[in-house]
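Engineer: Sequence order for the protein chains is A and B.
Under our numbering, think of the first position of the first sequence as 1, with each following residue one higher.
Under our numbering, think of the first position of the second sequence as 1001, with each following residue one higher.
Simulated from the structure, these hints should not be mistaken for laboratory data.
Among the clues, some could well be false.
[Stated by the list, open to error] Derived lysine-lysine pairs resembling BS3-like cross-links, with alpha carbons at most 27 Å apart:
no. : chain 1 : residue 1 : chain 2 : residue 2
1   : B       : K1353     : B       : K1390
2   : B       : K1062     : A       : K565
3   : A       : K240      : A       : K263
4   : B       : K1265     : A       : K259
5   : A       : K565      : A       : K504
6   : A       : K57       : B       : K1265
7   : B       : K1062     : B       : K1248
8   : A       : K134      : B       : K1007
9   : B       : K1013     : A       : K57
10  : A       : K504      : B       : K1013
11  : A       : K505      : B       : K1013
12  : A       : K565      : A       : K505
13  : A       : K240      : A       : K164
14  : B       : K1007     : A       : K505
15  : A       : K57       : A       : K134
16  : A       : K164      : A       : K263
17  : A       : K565      : B       : K1013
18  : A       : K259      : A       : K164
19  : A       : K913      : B       : K1390
20  : A       : K310      : A       : K505
21  : A       : K881      : A       : K676
22  : B       : K1007     : A       : K57
23  : B       : K1248     : B       : K1353
24  : A       : K505      : A       : K379
25  : A       : K504      : B       : K1007
26  : B       : K1062     : A       : K434
27  : A       : K881      : B       : K1390
28  : B       : K1248     : A       : K881
29  : A       : K434      : A       : K565
30  : B       : K1136     : A       : K913
31  : B       : K1248     : B       : K1390
[Claimed, not checked] Covered by chain A, per the in silico footprint, the following chain B stretches (three or more residues, Cβ under 8 Å):
no. : segment
32  : 1065-1079
33  : 1121-1130
34  : 1263-1274
35  : 1295-1309
36  : 1323-1337
Cβ atoms here follow ideal geometry from the backbone N, Cα and C, with glycine treated the same way.
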Amino acid sequence: MSGPGNIRLPEPWGSCINRHQPLAFTFEGRRYQGYEGDTLASALAANGQLMISRSFKYHRPRGAFSFSGLDANAYVQVLDRPNVCADNLPLAENLEAQSQNVWGSLRRDRGVLAGHLARFMPVGFYYRAFFRPKGIWPLWERLFRRSTGLGRISEQTAPAECDKQYLFADVAVIGAGPAGLSAALAAAQAGASVLLIDDAPAPGGSLNYARFQRPRGEVEAIRGNLIQQLQQAGGIRVLKNATCTGWFADNWLSIHDSKRLYKLRASQVIACTGSVEQPMVFRNNDLPGILPASGMQRLMRMYGTRPGHKMVVVTANLEGYDVARDMVEAGVPPVLFMDMNQQPVDAECIAWLNSRGIETLTGYTVREALAGPGMHSVKGVEVIEIDGRGTPVGSARRVACDALITSVGYAPLAQLLCHAGGQLIYDDTIHSLKMVGCPDNAFAAGSVRHCYELEAVLRDGEIAGSKAAAAAGFDAHSMAKARQQEDPGGGPAVNHPWPIYPHKKGKDFVDFDEDQTVADLENAVADGFEHPELAKRYSTTGMGPSQGRLSSLNALRIVQRINGKPLAGTAVTTQRPPYKPVPFSLLAGRSFQPERLTPMHHWHLQQHAVMMPAGLWQRPAYYGRPVQRDVQITTEVNAVRQKAGLIDVSTLGGIEVRGPDAAEFLNRMYTFTYSKQEIGRTRYLLMTDEAGSVIDDGVAFRLAEDYFYVTTTTTGSDSVYRSMLRRLSEWRLEVDVVNVTSAYAAMNIAGPNAREIVQQLESDIDFSRGAFPYLAGRQGRLCGAQVLAMRIGFVGELGYELHVPSSSALSVWQELMRAGENIGLLPVGVEAQRILRLEKGHIIVGQDTDGLTFPGEAGLEWAVSHSKDYFIGGPAISHMKESPASRRLTGFLLQEPGGPVPDECHLVLSGEKITGRVTSVAESPTLGQVIGLAYVAPEQAVAGTEFEIKLGRGGRVRARATTLPFYDAENLRQRL
Amino acid sequence: MPLGLLKYGFRNKYRGQRYFPAEAPLRPSYDVVIIGGGGHGLACAYYLARDWGITNVAVLEKGWLASGNTARNTTIIRSNYLTPEGALFYEESLELYRSLANELGVNLMYSERGHLTLAHTDAAIRTSRWRAEVNKHLGIDSELIGPDEIARLCPQLDLSDEVRYPILGALYHPPGAIARHDAVAWGYARGAMELGVEIHQQTEVTGIEVRNGRLAGLETNRGTVAAGKVLQAVAGMSSVVARMAGFKLPIRSIPLQACVSEPLKPFLDPIIVSGSLHAYISQSARGELVMGGSTDPYPLYSTRSTLDFTEGLMAHMLELFPFLGKASVMRQWAGIADMTPDFSPVMGLTPVKNYYVDAGWGTWGFKATPVSGKRMAETIATGEVPELLKPFELERFYRLQQVGERGAASVGH
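The shape of chain A in the complex, shown without the other chains (with noise of 0.2 Å):
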């Protein structure tokens, strides 16, 4: 096809182009030329080139209708970039488009055959076949996935750096048309700082194109005017190409241009969001150059072309007349101009087209529009005269054009409103769509109010202006007190109230993004789904791109009137954030994920140590060649039980408890008895859930008689610091919690040469056996840094954790490495660490424990006190030691060493029954044999029995149920 080329209107026309900036682009393989300013749409309209899209379903050729960005039918694919608007996009030079959902061509679509099969899939299709025979719709399903979806994602794409940026404003202003406009002039003349956002790249908004019943000239004059107050007035930001998608509780709304989402909290909220005209209804009312006035007159105004040579133009209000009367000034009048009423909106203006020589016919409507080949474009329409209920009478007849303009009324753009609270409702005095319960704190402006006289629009604005300031604590002037009209669209009717001619031969359609049309709604009431939220469901109607905003209002009468039902009062479909759809990466941002290092973190690094994760921190798994893993942590094991270990253990939470009531507190936080607690003690530390479930465990040190450290597991410790400050205020105790987790980093240096390494250290701490027994606590100072010193042995070694500020910590480190340098001191991981602890026995919460573990199943019962009056969990422990216990933590040995050795969490059986699982499993370079800890039955953990352990690839091996701990039983080698 060789198009026209790119063919304007003279200038005035083209408000928006440069046309001494043309730029070459390409479409469908096709090189165009267009003008800097234009949109992909409009460029492509310039040359004649309608038809952008397939639909998905039928496959029918269809183009861009608004013209403002509004619809999916003119979705194109820009390289990797699916789903882009075209009449959104602005034009750049080389520009690469392609349509998207099309088999073969845009032109030559072989998924055109779908639509021939219309007949043969009424509404919800897909819902009544393909599954007979049984087995039979994953076949189908993989056809239908085929042909399902619309633009193509590339698994090439590079991530994109978005950012993020918070806004605060006193009175936020969406839209900068003539209603936003004057209510951001109006807000900010009261003082207040407002933020006026628009999705255009001028603000303006219909000003730039409509002419309100009156001369253009006189619309550039207001605009001009408002515009030039905008530039002069101080405290209105503006934001241009930037939409707000949505609008959050206490007035939180979502804002993104290209390249950023900004986050505005504003303290009130103007809505002018405008409105959006909505389609005829009739046979072939899709086909690529049938459109609404306003994309029209977007068309000619800001972009300087037309749709058509021989163009009809049909309405049933003033807005059509306007069209008529650009297009005669423009010098490409209609061939034929209908007014769809019994009288003339405007006889003057019927009689002066009729003197131009213009065809005009009063009471006609078109009934359908004829398609040219390919159904590419249009090549006529049928019209036919209605009566006074719009029911067509007398014979049809044909008329010759390639282009359809039709002006029978908007919807409001009130989605926004709709996510802050409100609902929109059918009112029938205005035939459209009126909002209903809208929170104190948001107004709104203009169309989005079915006001449409430039005069009253103006004047809405500055009274939502003033309302908005007065309610941010701006003392506005008097228009504040002004009352919004309740309903100001008093003036001559906008929207037609029916403006729907079915077809028996059908594709009248509703819905444009998902092909639906008015039997398809038939037929969906008629399947039983009279609910227009189930007819929604059902046909998919308002479910695509657009999300209803061409097609709800439609939708919402032909189903109420299949119904018999009254309009009035009738609420249309949920209208649910984004206003439009948001790219992923302008949500996601820059990639903020936390990460948590210790002091020592690049001196691990530096000695070789691989890095595992432990909930946001990176610990050292082991020090060395990941070929030599194994070797590396019995060597770290051997350290620790015959010389000595530094193990980071910075991960540790720590939470400082203080006041009258610590003691106390911690009574009721934990299942041990703190009060009695000595100063200069640590005690264990294990906590419960309200159900008595194992949650976290750690170690209390009592510093004073009102303070203590407490520590809690790495994963841990935000949870329980949380539930510690709810207890709190639940509890109202004399007690102050502060999280220190990121203040002080810890070591454990443990091992029988520990106390010499660290006797060798500078300190005012006695380290000696008299004067730091086992279990005492001190405060001191190490090598200049305050220190809280702990003498606790999880790997069960004569061993000290030292909790210094993290400033020190790295220096403390390497004092002890370089104390213990001679006398075999190695820094070690938690790999070591796991296989030590599990020798001595002792648990790791989250491991050896479950989301259901009481205190007594995994041999805690002595940390558990009776005496108290209560504890969280407390109650439901009491309640549980009267019912028989169903399993019970025990050690084992494998009774066949050298065979196969099971993994965590394979099960444990009695039979076939399921009665554990294994939870942690090691081989022991201490003892020289597979040791583990497991779940199992109450009678079988009973030392020396016998069970089954299942292995994952199945067969099963058989262990022996032991007393813990496996190493030093007397306890003798942390006293040393």
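Since the structure of chain A is provided, determine the placement of chain B on it from the hints.
Structural biologist: Same frame as chain A, but now just chain B:
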């Protein structure tokens, strides 16, 4: 072209096949009244009629049919639960699902896409292995797999170790499926209707009368209704309705959000879940990516969407699939998840005689629709709780005999 559609095509007049009855007056009395016209309530009505011949049944729905969590879930179906009780229960659901389309005569678009629960930590690997072992022992197809196998099943995933949470392995559950959620409810509604069950939309229960510990009747916005037995199946409002009947449920109601992308040409076959990243994703028959995460951090009965949700979820999506930056979120929504302390449902008898409960469906209600309907029908018809449901009785909380499903994963989809 299937024959059924050919017949439609060649007929001149469309022959409707009603899924639901037309509006009809509410009768004063029924043998069984089911409060809640979602998937579970409709399924129970269907099985009451089919299996037990109890057809004097009314399903009362306060809004439009299946407008609650049935319409809001993300349609994932699986049985790879951690506990034997849970796994066996959901396995029966899967079995029912597999033949449901043919039984109800509605294409549910039941699609076995395979379900991968990614493990990014060694703790997650351990839990995955635990689930796999329990599942395999019970005959459920489930296996812990490594990165190579993951790459074969879903080559689009970023399996490099350059990311914040490298993928170490996954729990692979080949029968994991998605289905058209609405169609499940509609199919049950039609099945029940054809067997004589009444379905009343826009009918809200406003009061439950209990006398001497026995159910006495229901108040509705359309008048009083007497009922021999009543089942409440009102996920999202369970504790509110139970309170009307005078008893408490151990439930916290928490919003759960989800969203879909614009339609894209299919590229993602399996269902991908990441517990550590709190994210899951599948691609629907329409080409939309259906995505969700963990529940909101606070109890609430509002279904308003939040921006935090899509921001956080998309960051995680791009961690898993870095190339998805140019796909767009088209719509987000929220449902209310009734969370129990042990992440397992509550089914069976209640302290009120002749009043039955089907609740606590948290984030796992859709996948249980057939089995809960079938087994609750059995419970109502016989007055006895079947073995399969025994672990899920309300009474377990009085005895602290919870089901250990909580250990499975923070994202339970």
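Engineer: So, for every hint listed, does it hold in this structure?
Structural biologist: Hints and how they fare:
1. B:K1353 <-> B:K1390: holds (17 Å)
2. B:K1062 <-> A:K565: It holds: about 19 Å lies between the C-alpha atoms, which stays within 27 Å.
3. A:K240 <-> A:K263: Given that 27 Å is the threshold and the Cα spacing comes to 15 Å, the pair holds.
4. B:K1265 <-> A:K259: Given pair B:K1265, A:K259 holds - Cα atoms ~25 Å apart, limit 27 Å.
5. A:K565 <-> A:K504: holds (23 Å)
6. A:K57 <-> B:K1265: holds (13 Å)
7. B:K1062 <-> B:K1248: holds (22 Å)
8. A:K134 <-> B:K1007: It holds: about 20 Å lies between the C-alpha atoms, which stays within 27 Å.
9. B:K1013 <-> A:K57: holds (22 Å)
10. A:K504 <-> B:K1013: Holds - the C-alpha atoms of B:K1013 and A:K504 are around 11 Å apart, at most 27 Å.
11. A:K505 <-> B:K1013: Distance of about 12 Å is within 27 Å: holds.
12. A:K565 <-> A:K505: Given pair A:K565, A:K505 holds - Cα atoms ~26 Å apart, limit 27 Å.
13. A:K240 <-> A:K164: holds (16 Å)
14. B:K1007 <-> A:K505: holds (18 Å)
15. A:K57 <-> A:K134: Roughly 26 Å separates the two Cα atoms, so the pair holds.
16. A:K164 <-> A:K263: Roughly 7 Å separates the two Cα atoms, so the pair holds.
17. A:K565 <-> B:K1013: Judged against 27 Å, a Cα distance of about 23 Å means the pair holds.
18. A:K259 <-> A:K164: Distance of about 9 Å is within 27 Å: holds.
19. A:K913 <-> B:K1390: OK: A:K913 and B:K1390 at ~17 Å, within 27 Å.
20. A:K310 <-> A:K505: holds (26 Å)
21. A:K881 <-> A:K676: Cα-Cα ~25 Å, so holds.
22. B:K1007 <-> A:K57: Distance ~20 Å between B:K1007 and A:K57 Cα, so the pair holds.
23. B:K1248 <-> B:K1353: The given pair, whose Cα atoms are some 15 Å apart, holds under the 27 Å limit.
24. A:K505 <-> A:K379: Holds, at roughly 18 Å.
25. A:K504 <-> B:K1007: holds (19 Å)
26. B:K1062 <-> A:K434: At roughly 25 Å apart (the allowed maximum being 27 Å), A:K434 and B:K1062 satisfy the hint.
27. A:K881 <-> B:K1390: holds (22 Å)
28. B:K1248 <-> A:K881: Within the cut-off at roughly 25 Å; holds.
29. A:K434 <-> A:K565: Since the Cα atoms of A:K434 and A:K565 sit roughly 18 Å apart, the hinted pair holds (cutoff 27 Å).
30. B:K1136 <-> A:K913: Judged against 27 Å, a Cα distance of about 13 Å means the pair holds.
31. B:K1248 <-> B:K1390: holds (19 Å)
32. 1065-1079: holds (count 3)
33. 1121-1130: Holds: 7 residues of the segment 1121-1130 of chain B have a Cβ under 8 Å from chain A.
34. 1263-1274: It holds, with 5 qualifying residues against the three required.
35. 1295-1309: holds (count 4)
36. 1323-1337: holds (count 11)
Violated hints for the displayed structure: none, as all numbered hints are satisfied.
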